[in-house]
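**Q** Between the sequences and the hints, there should be enough to build the whole structure, so can you do that?
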Amino acid sequence: MNRGFLRKARWLSALLAFIFLLFSTLPLYCQENTSTAGAKWYEDDDYLEEEETVSDPLEPMNRAFFYFNDKLYFWMVKPAARVYSYFLAEDVRMCVRDFFHNLTAPVRIVNNLLQGKLKNSGIETARFVINSTVGIVGLADPAQREFGLAIKDEDLGQTLAVYGVGSGIYICWPFFGPSNLRDTVGLIGDSFLSPLTYLTAADTAAGIGAKAGSHINDASLTIGDYEDFKAASLDPYLALRDAYRQYRKNKINDSATDNNLYSRNVWHYYVEKCRQKPEQAVFAAAGKQSPGQPLKDLFHIQVGTAIDPRNAQKLCLRLASLREETVVKVYDRESYSFYGIQVPAGDSFEAAKEIEQRLVEAGFPEAHVVN
Amino acid sequence: MKNVVKGIRLLTVIHFLLMVVLVGSVSASAQEEPISRIEKAVEEIIRILEDKKQAAPALGEEKRSQIMDIVEKHFDFREMSKRTLARHWKARTADEQEQFVKKFAKLLKETYIKKIENYSGEKVIFHKQDIEGNKAIVYSGFNRNNVETPVNYKLLISSDQWMIYDVIIEGVSLVRNWRTQFDSIMSKEKFSGLMARLDEKINPAGSDEPTDQDK
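Going down the list, the sequences are from chains A and B.
For what it's worth, the working numbering labels the leading residue of the first sequence as 203, then goes sequentially.
For what it's worth, the working numbering labels the leading residue of the second sequence as 278, then goes sequentially.
A portion of the hints provided could be inaccurate.
Lysine-lysine pairs mimicking BS3-like chemistry, simulated, CA-CA at most 27 Å apart [to be verified]: (1) B:405 - A:531; (2) A:242 - B:367; (3) A:432 - B:383.
Since the hints were made in silico from the structure, they are not lab data.
**A** Structure follows, in structure tokens:
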């Protein structure tokens, strides 16, 4: 018998079994998403009423798997991650993280499409193309840095939720961690879009090795998080179950990612305010000054200019990622305005020159002192 | 799972970052904007944390108690206690409520003050605020390893000051998370059981959780 066919048939039947499970317990599902999906942030005074709870009939088994994952982390993942981080610098590990994230771009592209988010699907496509080429097969993230294209994280679990499928029962998988019935189906569906799955199909050891390596890499960048989480909870199992529920709900409603939008809108709002009073036009992005205040420092380093506010914002974001305070000055000319993006440089010319040198080396060749 | 755990951890750091700052910078104006209060607060905390005079990695006793005082003055623990006990709050006597508020506040302070020591220069960016009546929300982001995590603070006016009553990291609300745990413990072990568990957490007899493993 053809082994390939048999393997595919097994996958298919597993998928079908899950879908059957999903739909056979349909009544369970239709409640959760509608309850507080439209609640505003200030409508939270109903805490004295009954709390929405997660359906967890498999709790004893889930707790056992949770305990297993806990031991796995402390006995295997964490020691391996520490050795790993001893040999690999943080920058390199961030590149590895970005590489694996880039590999799963098809998942995000397709699921954005399935949810009708055409613009976001385009953004993810652009990210994939840019990062795979300019970003050297995804090792870097120039799409975010240079073009301001933020991650639009979607997966099949979220897509199903948008279509109205409820979460179903809570399941804590060994190795994979917290999930629920719908998200598990989502993970299986998404695996068909991930290259790692096909690698595993072709060469099991390599595939599992890659997956494990990616996991250890991520763990090495976040050592301490799980320990802090446990220390902060009375019942870590429950805390994780609830945190997972809230986290997924937030992702489905896309409110977690909206902060990027907020910063963009805030930026435009302030720029418009500044435009009305150009002589006082100062807007501090990620810095200490409030818009409209006179400049504190005598010298500034002008890092670049932009006519399009979006380009100005990108420059600000770049500076912000280097932890530089930025000031945006709006220059109004007769028929157009432009923005000067500057870094405050204190009151001494020598110190300002040093900062200018530093910025030139950091990737801003046009930086120069102005006052 | 990693994202969620990361979120919870950041939550604790931010929690305390906020606490320290808010206290030190209360001005005469009763209605200082929430976002600027928090902004100044975070700056103050970062300044304290990066104070080079502090040689040892751990915060000294004096700084610890300063921070504790600040925390008490700027987080509305009573409001947080009400919201975490939720439907069980009304059934408690006034005395029990007082005790719970004290214990819960102590737990939060003790647990999280350790985390604030691990601050290593991450940048906090404030986006905007929204005010609705006597409530406000401040949107900010915490930048670590080139990834920005959204952190939001919910405040309400309590005795003429904006006080924080919830912190939300990547969509996970601190109050909600505690509420689920307390609800489950209350239904199985009742109020006395909950208080016992809180005691245990504050003064661990023999800690089975490797919280002090070096990172």
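**Q** Please flag the earlier hints that this structure goes against, numbers listed from lowest up.
**A** none
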